Amino acid sequence: MLVGLLMIAAGAAAGAFGSLLGLGGGVLIVPLLTLGFGLPLREAVGVSLICVIMTSSASAGVYLERHIANLRLGMTLELFTATGALLGGSIAFLLSDQLLSFLFAALLLFVAASMARGRGAELEVEPEPDRHALVVPEPGAPQTALDRLSGDGYRVHSLGFGVIGATGAGITSALLGIGGGVVKVPLMHLAMGVPLRVATATSNMMIGITAAASAVIYIIHGGIDPYVAGPTAIGVFLGATAGSRLGDRVELRYLRLLFVVVLVITALQLLLRVVG
Amino acid sequence: MSAGAGPVAAEGRSVAAERLIGRLLIAVTYVAVGLLSVGVVLMIADGISPLSGGPGLDFATLGAQLRALEPAAFLWLGLLAVVAAPIGRVIVAAVAFARQGDWLMVAISLGILAVIAVGVGSALTVTV
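From first to last, the protein sequence lines stand for chains A and B.
Each residue of the first sequence is one higher than the one before, starting from 1 at the first, in my numbering.
Each residue of the second sequence is one higher than the one before, starting from 1001 at the first, in my numbering.
Hints were generated in silico from the structure; no laboratory data involved.
There could be a bad hint or two in this list.
To list a few chain A residues with every Cβ distance to chain B over 12 angstroms, as calculated [as the list claims (entries may be wrong)]:
#1 Ile50
#2 Ala69
#3 Thr81
#4 Leu246
The following label-pair restraints were derived from C-beta to C-beta distances [stated by the list, open to error]:
#5 A/Phe161 to B/Arg1099: 23 to 33 angstroms
#6 A/Leu159 to B/Ala1068: 46 to 56 angstroms
#7 A/Leu35 to B/Gly1056: 24 to 34 angstroms
#8 A/Ile164 to B/Arg1099: 26 to 36 angstroms
#9 B/Asp1046 to A/Ala9: 19 to 29 angstroms
Quick caveat, the model's predicted, so the values are computed rather than measured.
A virtual CB, placed ideally from N, CA and C, is assigned to each residue, including glycine.
Work the whole structure out from these sequences, hints included.
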């Protein structure tokens, strides 16, 4: 019983942190389950995918209801993230636990470095629109595919780059059990000219299908343990719900610093396990 | 494109479809959380440790396990609901795009479903 409650608490902490800092819970859930509960990395990745879908559905539902997420753009890129997830999900069962641990540690250090530079906090601020962002087609002009993917007040560009990046995000997501928002948000915002708020909401929506594509493969391969996934997913749901309500009252600067320290320590522990 | 009622009506249908999809996602998430909660409560009541290794998914016995109030059955049903939510969202979106006559988006939606189907098919082939 105690272990079950601890898993709910761990999931809640990961969900709350993820929600407050705009990251999927996967970055925290995988190390929590491997280092905290001794689960094999691949099993932790499977559970993490379930948690990622859970948070994605809950938040994407709200974003779609409020007409913030770009459904057309999201679904177009989803075709490629799902393809990448399919590739990643198949590769994941061929790679050793040590190599996956090393890749995950590298990802944690990358996220920690990005957050230390302050990118995490800036995600909440709407930057100046770039030169492409406000180019809206003339009312009478024929619509191109890019016009149809664009939204109110912005025009999507560099779709080819987006397609390549989305495929890479799908592979990363399936290999490491993360939502991939850390790749998709900068991709849409910086490379494709999508406003940050829309990019974050659209990424949240996309994460669900990417993770679902690989979660199905994990379920068929017996890579998801219901006794671990159940309590952890409930915890993540509760944590993410609480986190979204606490967002305005928490000093994000200190939270981000704490998060960076936790990520670096976790990455070092994973690397020590690889070496050991 | 003319500025008549056509585009405005299409935009209205698009917004309505997004709202419907959003509500669907939220509803399925709550159903999933409910099923998972029942499973976890039954797990605790039966004194099962989460680290004892849960059973795999077996569709053939799932119904009987649910009637016997087996915790794993409720957990699996909840997990399936979690995974089904985004897939169901793509299906609903495909129908909505078809009603709007946006055949490119219908093709993209079907492409996503095809990729997932290929994944399931290949995983089943490898497992069997």
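Now the hints, each set against the structure:
no.	hint	in the structure
1	Ile50	6 angstroms, violated
2	Ala69	8 angstroms, violated
3	Thr81	9 angstroms, violated
4	Leu246	19 angstroms, holds
5	A/Phe161 to B/Arg1099: 23 to 33 angstroms	32 angstroms, holds
6	A/Leu159 to B/Ala1068: 46 to 56 angstroms	52 angstroms, holds
7	A/Leu35 to B/Gly1056: 24 to 34 angstroms	25 angstroms, holds
8	A/Ile164 to B/Arg1099: 26 to 36 angstroms	32 angstroms, holds
9	B/Asp1046 to A/Ala9: 19 to 29 angstroms	21 angstroms, holds
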